[in-house]
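**Student:** Knowing the structure of chain G, use the given hints to seat chains W and V on it.
The listed protein sequences correspond, in order, to chains G, W and V.
All letters in the first sequence, in the order written, are residues 1 to 294 by the working numbering.
All letters in the second sequence, in the order written, are residues 1 to 501 by the working numbering.
All letters in the third sequence, in the order written, are residues 1 to 314 by the working numbering.
Since the hints were made in silico from the structure, they are not lab data.
All C-beta atoms, glycine included, are put in the ideal place defined by N, C-alpha and C.
Among these hints, one or two may not hold up.
[What the hints assert, rightly or not] Derived Cβ-Cβ restraints for the label pairs, each shown as a range: (1) V:R123 - G:I180: 34 to 44 Å; (2) G:S71 - W:T59: 46 to 56 Å; (3) V:T237 - G:I180: 16 to 26 Å.
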Amino acid sequence: MVAATDPQAGPVSDPMSKPENRVWKKLRHHRSAMLGGFLVLFFIAIAILAPILPIPEPQATDWGAVREAPSMAHLFGTDEIGRDVLSRMIWGAQASLLAGVVSVGIAVLIGVPFGLVAGYFGGWIDAVISRFTEALLAVPFLILAIALAAFLGPSLTNAMIAIGISATPIFIRLTRGQVISVKVEDYVDSARAIGLPTRMILSRYILPNVAAPILVQATLTIATAIIAEASLSFLGLGQQPPAPSWGSMLNTAKNFLNQAPWMALWPGISIFLVVLGFNLLGDGLRDALDPREH
Amino acid sequence: MKHLTLTTALVAAMALPAAAQDLRIALQSDADVLDPDQSRTFVGRIVYASLCDKLVDITPDLQIIPQLATEWTVAEDGMSIDMTVREGVVFHDGTTFDAAAVAANIERSQTLDESRRKSELSSIASVDVTGDYTLTLNLIAPDATVMAQLADRAGMMMSPTAAEAAGVDFGLNPVCSGPFSFGERVAQDKIVLNRFADYWNADAINFDSVTFLPIPDTTVRLANLQSGDIDMLERLAPTDLAQANADDSITVVSAVSLGYQGITFNVGNGEKSETPWGQDKRLRQAFSYAMDRDAINQVVFEGAYAPGNQPYPNVSPWYDDEFPIEARDVEKAKALLAEAGYPDGIDLTVQVPNTTIPLQLMQVVQSMAAEAGIRIEIVSKEFATLLADQSAGDYQASQIGWSGRVDPDGNIHQFVTTNGGINDSGFSNPDVDAALNAARKVPDTDARKVEYDKARAILIDEAPLVYLYHQSWITAFDSRIEGFTAYPDGMIRLEGVTLSE
Amino acid sequence: MLSFFLRRLLIAIPTIFLISIFVFGLQKLLPGDPLLVLAGEERDPAVLEFLREKYRLNDPIPVQYMTWAGNALRGDLGISLRTNQPVTELIAQKLPVTLQLAMMSLIFAVVIGVPAGILSAYRKGTMVDWVANVVALSGLSIPNFWLGIMLILLVSVKWQLLPASGYVPPGEDLWLSIKTMLMPAFVLGTALAATLMRHTRSAMLGVLTSDYVRTARAKGLSERKVVLKHAFRNALTPIVTMTALLFGELVAGAVLTEQIFTIPGFGKLVVDAVFNRDYAVVQGIVLVTAVGFIVMNLLADMAYVLLNPRLREA
Chain G
1 MVAATDPQAG PVSDPMSKPE NRVWKKLRHH RSAMLGGFLV LFFIAIAILA PILPIPEPQA
61 TDWGAVREAP SMAHLFGTDE IGRDVLSRMI WGAQASLLAG VVSVGIAVLI GVPFGLVAGY
121 FGGWIDAVIS RFTEALLAVP FLILAIALAA FLGPSLTNAM IAIGISATPI FIRLTRGQVI
181 SVKVEDYVDS ARAIGLPTRM ILSRYILPNV AAPILVQATL TIATAIIAEA SLSFLGLGQQ
241 PPAPSWGSML NTAKNFLNQA PWMALWPGIS IFLVVLGFNL LGDGLRDALD PREH
Chain W
1 MKHLTLTTAL VAAMALPAAA QDLRIALQSD ADVLDPDQSR TFVGRIVYAS LCDKLVDITP
61 DLQIIPQLAT EWTVAEDGMS IDMTVREGVV FHDGTTFDAA AVAANIERSQ TLDESRRKSE
121 LSSIASVDVT GDYTLTLNLI APDATVMAQL ADRAGMMMSP TAAEAAGVDF GLNPVCSGPF
181 SFGERVAQDK IVLNRFADYW NADAINFDSV TFLPIPDTTV RLANLQSGDI DMLERLAPTD
241 LAQANADDSI TVVSAVSLGY QGITFNVGNG EKSETPWGQD KRLRQAFSYA MDRDAINQVV
301 FEGAYAPGNQ PYPNVSPWYD DEFPIEARDV EKAKALLAEA GYPDGIDLTV QVPNTTIPLQ
361 LMQVVQSMAA EAGIRIEIVS KEFATLLADQ SAGDYQASQI GWSGRVDPDG NIHQFVTTNG
421 GINDSGFSNP DVDAALNAAR KVPDTDARKV EYDKARAILI DEAPLVYLYH QSWITAFDSR
481 IEGFTAYPDG MIRLEGVTLS E
Chain V
1 MLSFFLRRLL IAIPTIFLIS IFVFGLQKLL PGDPLLVLAG EERDPAVLEF LREKYRLNDP
61 IPVQYMTWAG NALRGDLGIS LRTNQPVTEL IAQKLPVTLQ LAMMSLIFAV VIGVPAGILS
121 AYRKGTMVDW VANVVALSGL SIPNFWLGIM LILLVSVKWQ LLPASGYVPP GEDLWLSIKT
181 MLMPAFVLGT ALAATLMRHT RSAMLGVLTS DYVRTARAKG LSERKVVLKH AFRNALTPIV
241 TMTALLFGEL VAGAVLTEQI FTIPGFGKLV VDAVFNRDYA VVQGIVLVTA VGFIVMNLLA
301 DMAYVLLNPR LREA
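Next up, chain G with everything else stripped away, as it sits in the complex (with noise of 0.2 Å):
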């Protein structure tokens, strides 16, 4: 899994400005960045509304109709047990964006602490931390993930925390890096110097001014994040059957490529439309938050 390229953005300037205003009218003249919006959203839209949508049952089988190519009776036809493909690839977006949000969110959890006392105490503490960095990074992601995900036993839980696991060097690396060249900044000098806590300084401080390549970051292994999930899935230590989940299809479906190809087309069209979205939004987002492009 090749990631997305670092963020690049330096830190806000100014703590006590408000830029949010600033950053959306760039965002909102963003046109990939509103093009990736939509999809995510789009997305979002169908998982929440998988319940109440007119669809049928993503689990209900019907042998009579079997792989059935798309028909108005299933716009994306049905797979191996006579399932309806539109249903299972509406309610399979909840799996892949829970996947995405939540490893993702475990990766943040756990590594931007880490990286803030990292680049903030410096000293053997760095030495430590870097050198598991280093470590974690050096194991291919995916390798590493599919060993946890083996471990851990297939599910999609298990999978998130493999995934969020395997992403969290990525985010102690960057909040350190950030850390190291916010800490030397007149503020964080003189917050020092007027006495603050550590932690007053590392929470009111260091983390508003980090925060933005995280969220970059962020949105970015998101995509990444989904990716992975489907890979997993795709190698059976995703999301189990009977629920729904596009990796999982795509497993399935290579059994039947010949006979249902319908059945690999759309999973996969949703999964590449999803993390484009990510990857342009977090795109945009880096664009708006750089504050040396005016």
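**Tutor:** Chains W and V only, in chain G's frame:
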């Protein structure tokens, strides 16, 4: 594009001189270690079919016929077997095959620490070499299954010289006496065997080499066959049958396997057996009634497999006709549930390997069971985990099958006898033990069948294992290949097989 | 400068040590008993016990680790539980396969990514730039296993143009080897092309606004010459370093691609080994990959410093 095709043709023409004929066979997975004593995979056995001759072979209808052993007679008391072996056979390294080689092979199978064949040959007490080509197998007790064991890996003959020299590493460079000798192996890529010029039956072999290629994906296997990149593939997916049949350049043959697939219930293996499912046979019977075995076969396997309710398919001579496959009866299932005290239905957790076919099967089973009020929760596990949990009794019900053995004993004895080697169900019944032990000892087929039927009556009622279907070995190949026969053991035998250019 | 490299090397040692513990620990945590699979369908208890002893699975875990790490230091990564082949031999067999795949993907990536990046930077802010960006992001967003199976369906199954799977060593039949690897390399190369395009773009943007490009333009050189000769040459350093780093990611990205196209390389080996609980193989491969990754990083750093005289003095 035209240019491209031309170049390909040129290269192909240069690479393949017309004389040397290579047969390329796609396997579903990579073989494990190529030592018949240590081997454990099905695909490994397919490779052996070309690499290592056995003492005896089977016919498609499971009769035992000579291969390296030409004659054998079981003593009156059943305590020994006299055997004559073929003369003029040499191993790939030039070592002569004789009675002493047989004795050395059996000794290795029984004593090599890594040997997986020990239980298969456990009834052989000793081997007396009585002449250059005659020997006697002395048995611990009468055992009707010995010859069938010798028709598989336990009966494969390795060069004693090579086995002695290589020891446990024999599998890296196996030396047997089959029609082809070991060429090279690249793990997960290919196993190449070359024609053995001094093969005793060399006239029946028409290929200069055989290449086995592991290609796990069924669609890809078929695509390779259609494009001509391979000549033959094993285990065509039933869902690909229509496509293969529609292609004139492809021939498909199939044979119902010796094995079975079904659900194993935990009825006495640790704490997890102390549930209604483990303690009340009526629930297990209800489950069986809730199954529409024909529909399973149609929906999941396009009707290409065989529905089943016993450890052997109904084409087997060992099948008990007193208990035919009953039609689905949801009302009866519901009644049984109500009788057992669950008129509103009951939950059941079934563990299943996390691969496509078992999952698809379980989802079908799940929805069938639901109609009878059995709410199945599917817990999918990786195979290694599933096996460990099943062996430890950490399961309520488990979807697992058995690849099958030539002798019926191999499909039943170790699963349901008290303390049987793989009795993961924890089933124990003195009458079943007595019948199945007796069936091992009587040499007469009809008398054995009586014993198996006795056990069958109890097992159908108790239902520790609910059988669902029997896989078919579907082999597809280039239509220019002639002389190939499908066997119930799924092996690819190349004697008499030709590929016309 | 020497001390800089020396320090980097010294730092790599504890990292590799951590990786070894990590890799080892992970394997020990995997559920399921590998021996149950290995013992064959019959699972003879005597065989199980013998294998447990043989693979020293009855030793305390720290002792197991010491044995393994000690052997690994001497270049012995153990033998595969499944095929009895030495892990080092397996690695030696698989590495060239994955390297070939990685090289071919890289070629795809460079051929597509670099020109697109140059064009996009040159036409910054125009529709061309926007389209190139969206296309690049699309390349990053396509799940490559899906792209793989769709290509197999179309190119191999429907049109029968290229082999659907497998591997042919280039020494055996060069053309067939390339043909077989075309689709997998394309699949793996798309995501990489996107990354490379974006890096090329940002490197070019930096250079295009610099003084010497302006000087070159002022001298009346053709646009073509200015962009390709002056600007691109100067943007080359970061692009080359980036490419070296991407090579490491390629090896990782090969995991699923090899699975889809049944290519007997590193990635397929490790995934199959995880599923088969082939401990020695998983440990060996992850260790070698991780160490390789660290070495690539070191080399990229060195190259960067060596190619940049300004950094050399610092």
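**Student:** Does each hint fit the structure? Answer for all of them.
**Tutor:** Cross-check of the supplied hints:
Restraint check, R123 of chain V to I180 of chain G: a C-beta distance of roughly 36 Å satisfies the suggested window 34 to 44 Å. In this structure, S71 of chain G and T59 of chain W meet the distance hint of 46 to 56 Å, their C-beta atoms being roughly 49 Å apart. As the Cβ distance of T237 of chain V to I180 of chain G is approximately 24 Å, the hint placing it in 16 to 26 Å holds.
Consistency note: the structure conflicts with none of the earlier hints.
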